[in-house]
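Mind docking chain B on chain A? Use the hints.
So the sequences go chain by chain: A and B. Following the working numbering, the numbering of the first sequence begins with 1 at its first residue and continues without gaps. Following the working numbering, the numbering of the second sequence begins with 1 at its first residue and continues without gaps.
With a straight-line Cα cutoff of 35 angstroms, these simulated DSBU-like cross-link-like pairs (lysine-lysine) come out:
#1 K236/B / K286/A
#2 K243/B / K316/B
#3 K82/B / K288/A
#4 K196/B / K128/A
#5 K254/B / K286/A
#6 K166/B / K286/A
#7 K166/B / K288/A
#8 K286/A / K310/B
#9 K196/B / K163/A
#10 K196/B / K81/A
#11 K200/A / K196/B
#12 K286/A / K158/B
#13 K196/B / K100/A
#14 K158/B / K83/B
#15 K82/B / K286/A
#16 K128/A / K61/A
#17 K166/B / K243/B
#18 K286/A / K83/B
#19 K83/B / K306/A
Bear in mind the hints are in silico, worked out from the structure with no lab data behind them.
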Amino acid sequence: MSISRRKFLGWIGAAGIGSTVGKSALASGNKHFEGYPGSFGVLHDISRCVGCRSCEAACNKVNDLPVPDKAFTDISVLDEKRRTTSKAYTVVNRYDVAGKKEPVFRKNQCNHCLEPACASVCFVRAFKKTPTGAVTYDPNVCVGCRYCMIACPFEIPAYEYNKALEPRVMKCTMCYPRISKGQLPGCVEACPVEALTFGKREDLLMIARERIRKYPDRYINHIYGETEMGGTNWLYISGVAFSDIGMREDLGVTPAPELTSGALAAVPVVAGLWPVLLMGIYAISKRKESISQQEIEDAVRAVSDKADSELAQALAKARKEQEAAVRKEVRKALEEAARSRDKEDI
Amino acid sequence: MSDKAANDAKTWFTPFNVISGTIIIIGIVITILRFTRGLGAVTNLSDNNPWGIWIGFDLLVGVALAAGGYVTSAAVYIFGMKKYHSAVRPAVLTGFLGYALVVVALNYDVGIPWRLPYPFIYQGTTSFLFEVAACVALYLTVLFLEFMPAPLEWLGLKKVRELAVKLTMVLTVLGVIISTLHQSSLGAIFLIAPSKLHPLWYSPYLPTFFFISSIIAGLSMVIFESTLSHHYFADKMDEVHIKENEGVTLGFGKAASLVLAGYFMIKIIGIAGGNNWNLLGTSYGLWFLVELLGFVALPSFLYAVGVRNKDLTLIKWTAVWTVLGVVINRLNVSLIAFNWQLPSSQRYFPSWMEIAISVFVVTVGIVVFRFIVTRMPVFYEHPDYKDKH
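Next up, chain A with everything else stripped away, as it sits in the complex (with noise of 0.2 angstroms):
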């Protein structure tokens, strides 16, 4: 079969227009994904929040969370500072700021990465980065192995540790089910303050920028989640340092994501390469046991070569002497036999 020039170039064009579709596996370069177009996310403003513990309660409801043992109206909670758990998408702690005359209230609850870490590490893809900015996560599939909640730079998941039978992780789902619907969330229907601002992402970017520029003196010029971790769809401004009111500042601005690309990238060149590597120190000491096999014979047969030449030599030797003395021998008798034959004669 011959293969014109046109079908060669047809071929060509094909694997190269086939390499470029499909998505890079390499999560490493020079592209920085800015989360989904028009995604939601929930703006805090934690210098209007009042901690009515309202939202807790709306989260409750909407979610059928069981009943606490303290009413959502109990406010001595706020004395203990809290995290989520499976019985608590949402909590709010309050703090006592130094210069600060009145205490200082924070929702916390998940903060939907546009890159998560619980969903980069789970082996099983319970979690879901949706293109509505929630990340949401799937039961049936959850093994339990719990190494979202390892990986959660925010410590948000939570896990169902008294059940014995298919136990869950918990964490809030930015209401899935009803903001796919047009609701909004449970807790940012209740705010009776309007410290939660439901929007998408970039119009909340820029209502928080609108807020610090017209009241420099109420907050801190920063808006918690545009960068951390890569950034986050929930959003916070405050009048005080966020690492005062218990939120780490310490995370950095790389998304979960790539702090484990490098190393990933590296198992599959272990797989290709490990066996060239392997085979060829095999082969190696496979050669160098022969190469020495090989020497020791040649030793064994020098040796015997040389051992016997020189027999051969020696029994040579030895049978000439012999020869010789035979040869004297007969001589020998034949001269006293030629002698006794003249004595006779006389």
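Here is chain B on its own, set in the frame of chain A:
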């Protein structure tokens, strides 16, 4: 007491049987509790501390200490160090049992153990835990096949055994590739959490640290196991095994000394890379130095002295010390230096039942090891198959 009763007592109520039996009974009780009442009933795990000793010890330490299998078979079959041949079978057996027990322990730790095969269906390939799951499953199979000649000789299945032996080379190469990948992946698991792991232990080199220290663990475990086995199973060993053992101890001790020296260097590079010198003066820094100087530099030196003076006792004790060092390293990364910023009231300490399950799993391993080596040709060559490898 009649003679017969005394005889029976002698057969069954040995100290080994009594202790291991008690541990196994306690283990079974806790197992029932775990699977009927949930993780919360038996563990001290919390939302802030989702991984305890069942991951830190049973998985991380278990896999590291089972590295003797790939290290020994690579030395003998790939690097051609045939004088260590008698060490292969015990090392492969401990490797296989080690990995099998890791999988058993994982069934306790994950929330829904019957879904453990799910990663192979819903492949979350961006997770290093996927990598670990895939490799552990594959490697368990590889080790099983690598060990097959021994039970096949025991059962007298000559033809199947021939086939199993023919696979040795392929299995060894596969074993080393898979081990490189998952030993390093266990370290890479923590790359995702720079905000939780103390900077002295967090490093982009974590995968390399875990891989290199697994070689150290493998070499030291072979020495340690052979010491124990010579003490308890000397009657099961043939002349070759006993004769070669001194060479194995010296050779592996020498290798361990060198690899430890290299590991020490890359750990220093790790501190320099993160420019974390200033942290060495803190309390975590002192603990880090204990690990680095006491359990890396010191054993490297002691191994070297032991090999130079042909001091087998020193080498054997150094092996124990080194194994302990690897245990400490794995616990540091996964538990002690993990969540170091949390207030002490929120830190994790295992419950007695978690410890009991870990002890139970190790005990089951020892019992099965004992069962196998007292029956199958592990420490000796089967008379029918002498010089056939």
